[in-house]
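Asker: Sequence:
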Amino acid sequence: CGKAFRQTSQLRVHLRIHSGERPYECKECGKAFTSSSYLTIPIRSHSGERPYECKECGKAFSDASSLTKHIRTHSGERPYECKECGKAFSQALSLNTHVRTHSGQRPYVCKECGKAFSYFSSLIKHIKSQRGEKPFECKECGKAFLYSSELIEHTRTHSGQKPYECKECGKAFIRASSLNTHLRTHSGERPYECKECGKAFICSSYLSRHIRSHHGEKPYECKECGKAFICSSHLSRHIRSHRGEKPYECKECGKAFTQASSLNTHVRTHSGERPYECQECGKAFSWASSLTEHVRTHSGGRPYECKECGKAFSRSSHLTVHIRTHSGERPYECKECGKAFMSSSYLTIHIRSHRGEKRFECKECGKGFLFSSHLIEHIRTHSGEKPYECKECGKAFKSSSHLTSHRRTHSGEKPYECKECGKAFSWASCLNRHVRTHSGVRPYECKECGKAFSQSSYLTVHIRSHSGVTPYECKECGKCSSYLTSHMRTHSGERPYECKECGKVFIHVSAITTHIISHTVERPYECKE
1 CGKAFRQTSQ
11 LRVHLRIHSG
21 ERPYECKECG
31 KAFTSSSYLT
41 IPIRSHSGER
51 PYECKECGKA
61 FSDASSLTKH
71 IRTHSGERPY
81 ECKECGKAFS
91 QALSLNTHVR
101 THSGQRPYVC
111 KECGKAFSYF
121 SSLIKHIKSQ
131 RGEKPFECKE
141 CGKAFLYSSE
151 LIEHTRTHSG
161 QKPYECKECG
171 KAFIRASSLN
181 THLRTHSGER
191 PYECKECGKA
201 FICSSYLSRH
211 IRSHHGEKPY
221 ECKECGKAFI
231 CSSHLSRHIR
241 SHRGEKPYEC
251 KECGKAFTQA
261 SSLNTHVRTH
271 SGERPYECQE
281 CGKAFSWASS
291 LTEHVRTHSG
301 GRPYECKECG
311 KAFSRSSHLT
321 VHIRTHSGER
331 PYECKECGKA
341 FMSSSYLTIH
351 IRSHRGEKRF
361 ECKECGKGFL
371 FSSHLIEHIR
381 THSGEKPYEC
391 KECGKAFKSS
401 SHLTSHRRTH
411 SGEKPYECKE
421 CGKAFSWASC
431 LNRHVRTHSG
441 VRPYECKECG
451 KAFSQSSYLT
461 VHIRSHSGVT
471 PYECKECGKC
481 SSYLTSHMRT
491 HSGERPYECK
501 ECGKVFIHVS
511 AITTHIISHT
521 VERPYECKE
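Counting with the working numbering, you get residues 1 to 529 for the letters of the sequence shown.
A portion of the hints provided could be inaccurate.
[To be verified] Each pair of labels, with its calculated beta carbon distance range: (1) 511 to 177: 31 to 41 Å; (2) 404 to 241: 46 to 56 Å; (3) 438 to 111: 48 to 58 Å; (4) 464 to 245: 34 to 44 Å; (5) 287 to 232: 30 to 40 Å; (6) 492 to 461: 55 to 65 Å; (7) 177 to 467: 52 to 62 Å; (8) 143 to 268: 44 to 54 Å.
Worth flagging that the hints you see were computed from the coordinates, not collected in a lab.
Using N, Cα and C, we set each Cβ at its ideal position, and we do this for glycine too.
Please work from the sequences and hints to get the whole structure.
Answerer: Next comes the structure, spelled out in structure tokens:
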């Protein structure tokens with residue numbers, strides 16, 4: 001591979017990496033190594049011997065190099081600097097790995113499948129995953145890992161131990177690498193830049209994943225159903241959907257999740273913790289990705305563009321779902337009724353409609369919701385808060401999606417077109433509703449009387465005709481209504497929907513829709529009888 005060494009003994013050890021020779025074997029666990037010095041470390045880990053202690057914090061290590069590395073976390077010393085970009089590292093190994101992000105060098109090739117890796121440890125991990133070899137098992141939940149270090153990290157998800165704390169905001173992490181990545185959210189540092197589009201990332205794994213979105217590369221394939229993924233973590237999550245495995249359980253309410261990150265997000269719904277704050281408007285979020293997405297509502301940044309229709313999105317996941325509106329792909333199917341959906345989140349919502357599950361309840365009026373985001377939006381109907389304002393006309397909205405829809409009334413944009421009749425719509429949900437006028441599908445059925453509806457909102461209103469419930473009370477006149485927002489306009493005189501043809505204004509969108517048809521002589525509703 002052309003790598004050079006100061007001593008012949010170092011070259012001999014290095015050559016064993018290529019030949020696969022590992023002559024030094026641990027009698028305790030059978031693990032083999034390329035040099036005798038590497039064998040010393042695991043022997044101490046078995047005996048529990050840790051002769052090298054940090055004078056700063058008392059932490060002990062089995063070898064001197066680990067102590068030296070650790071001391072630099074206290075001193076902040078980073079003696080190894082990248083000549084390409086100036087980034088500094090606490091150890092030579094980290095610099096060597098980083099340099100490969102510039103050169104693209106992947107010297108370690110799998111003889112089995114030809115896949116190349118930037119680092120030897122990644123190759124070993126890959127080989128073990130191919131063999132199905134996972135020798136380190138968690139006694140708590142039975143999950144197995146390739147490395148003991150991975151098991152140690154995993155064990156912390158059960159114990160709740162988070163030894164790495166951010167001095168800036170107090171947030172703690174299971175592993176040091178997660179803390180380093182988090183620190184960049186404070187400093188704004190994004191050292192990993194895409195050469196294709198210039199987008200920068202806080203960690204190399206995000207860049208690798210992003211590069212695959214350009215190439216369309218999905219190297220991780222599910223053996224069960226053939227579905228392919230951009231990164232291994234997405235495949236692992238998907239495999240659990242086949243097994244029904246949910247190893248991460250909330251100690252507060254017992255809810256289980258397929259991945260630790262989902263549990264961490266969920267835990268914040270109990271604690272109310274929102275550590276990520278927007279510097280533009282002060283709004284706080286439970287998760288960094290939510291903040292990133294929100295910041296784009298200020299900047300207007302939409303880096304992910306649909307090649308089919310040119311529509312741009314603030315998140316790659318939104319683009320993926322959108323592309324399915326063109327292809328018609330609906331990979332997520334309900335086992336209860338066979339209905340299929342474009343995204344897993346839509347399926348999750350739908351499944352809850354079968355169970356009647358509405359876990360998030362409004363303390364003001366008792367109304368239940370399938371999602372916490374829907375509850376937050378609903379609470380704003382009580383508080384009157386409308387944080388999303390249109391820069392064009394000053395009109396404010398309680399949710400960002402409503403603002404996005406409203407902006408299209410200014411731009412006239414209608415990206416969703418009916419393949420049956422060519423009619424275009426500003427919103428996907430409007431297209432779906434319209435398509436049902438052609439197909440006659442009415443998927444929402446009243447359990448009380450059997451009457452079916454084309455929209456869930458129509459069913460909700462209809463159910464109230466049986467129960468007599470009108471949950472929204474007008475503070476102006478005391479009248480209870482299912483449509484409080486529209487009713488309040490009768491008091492305020494507000495008519496936000498204006499016909500561009502004749503200037504006539506209307507209280508709600510359905511009225512203007514009917515009116516516009518009178519200009520076009522369009523008669524969209526045909527009697528099939």
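Asker: Going through the earlier hints one by one, which of them does the structure break, listed in rising order?
Answerer: 1, 2, 5, 6, 8
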